[in-house]
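Please arrange chain A on chain X, whose structure you already have, making use of the hints.
Spelled out, the chains give:
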Amino acid sequence: MTGTMTAMTNTGDRLKLGAKDYASRLLIGTGKYPTAALAREALAASGAEIVTVAVRRVNLDRNAEDSIWAQVDLAKYTLLPNTAGCSTQEEAIRTAMLAREVGMGELVKIEVIADAKTLYPDNQATLEAAKILIAEGFTVLPYITDDLVVCKKLADIGCAAVMPLGAPIGSGLGIRNPVSIRLIVEAMVEYGVPVIVDAGVGTASDAARAMELGCDAVLMNTAIAGAKDPVMMAHAMRLAVDAGRLASRAGRMPMKLYATASSPLEGLIG
Amino acid sequence: MRLTVNGEAKEIAGATPDAAVTVATLVAVLGLAATRVAVEVNRKIVRRANWPEVALAEGDAVEIVHFVGGG
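Chains as they are written, first to last, in the working numbering: chain X, 472 to 741; chain A, 9 to 79.
So here's chain X without its partners, still in its complex pose (with noise of 0.2 angstroms):
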């Protein structure tokens, strides 16, 4: 472990994004978690520093029960309103609009939805949005999906990352096309753009594969919130973001087709 480096302490380098940095690179989404108190948990479990969460009408008859703030002590994270639900580009800056007006937050994640079965988002819609909230003074974190042309013209005006999908939102598919997301990523290190892996991830194998990658945070919600057991999940999650970016940053051995022998040949007993 170099000096640098300590235990418990996430993997010792930070997140930038837009003028802020943060220890942990496990962002978590607080959506459709059976309970507010295993929200709570797992969301302590995470280390996560960054949450996301959904703008909606207030409920007038039952007095903000559904509130994310009667559940989670949001105080002690950075928001990250998203979009969610939004079609058109018009859509989505209204809702970042008002998010910044509820947490008083610069931060937005836009996601404009363009097909309803796959969830996949409108890129072009994405990137117009993104053009007026940059304009409007907004850390702007776009989901798209894994396309470095898109990527790169988004890291062009001005966006704090790029969120490309590992796979459909909900379907915890895992890292479906490993070689876009390495695309993306040393295109945008040229940039010095962060990528976030947003959707897809199912277990922790899959969001350490996203970090061995190279990308430099990993975006989920169902992954955590509809495992068996949400508080372990947001642990093994919070361990495999820590292992794949430790593990990208040591550098991985060359594949090799045949065994090399671990043991000296020398000295065999006869």
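What the hints contain is simulated information worked out from the structure, not anything from laboratory work. Heads up, a few of these hints could be off.
[Stated by the list, open to error] Reference excerpt, derived from the structure (chain X facing chain A, CB under 7 angstroms, subset only):
1. G500
2. T506
3. R527
4. M568
5. E572
6. V573
7. L736
8. G738
9. L739
10. G741
The structure presented is a predicted model; accordingly, all values stated were derived computationally and were not measured. Backbone N, C-alpha and C fix where the C-beta goes; we use that ideal spot for every residue, glycine too.
Chain A alone, transformed into the frame defined by chain X:
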């Protein structure tokens, strides 16, 4: 005064018959935590600081949103 709040018709009264119904009045009457919601009137955001000054008019469409769990 008749308003549409989050798509529902609502009858909201001021403190006195002559008093204006402001955004601040509406949020208070609905029992909402002011620090946790954002308000749009006729699709324009009203900043929290301006709630006490912005008077609502008959038929205004108001949206009041907050954060919920999401990914």
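>> If you test the structure against every hint from before, which numbers come out violated?
In response: Going through the list in order, the structure violates hints 2, 7, 8, 9 and 10 and respects the others.
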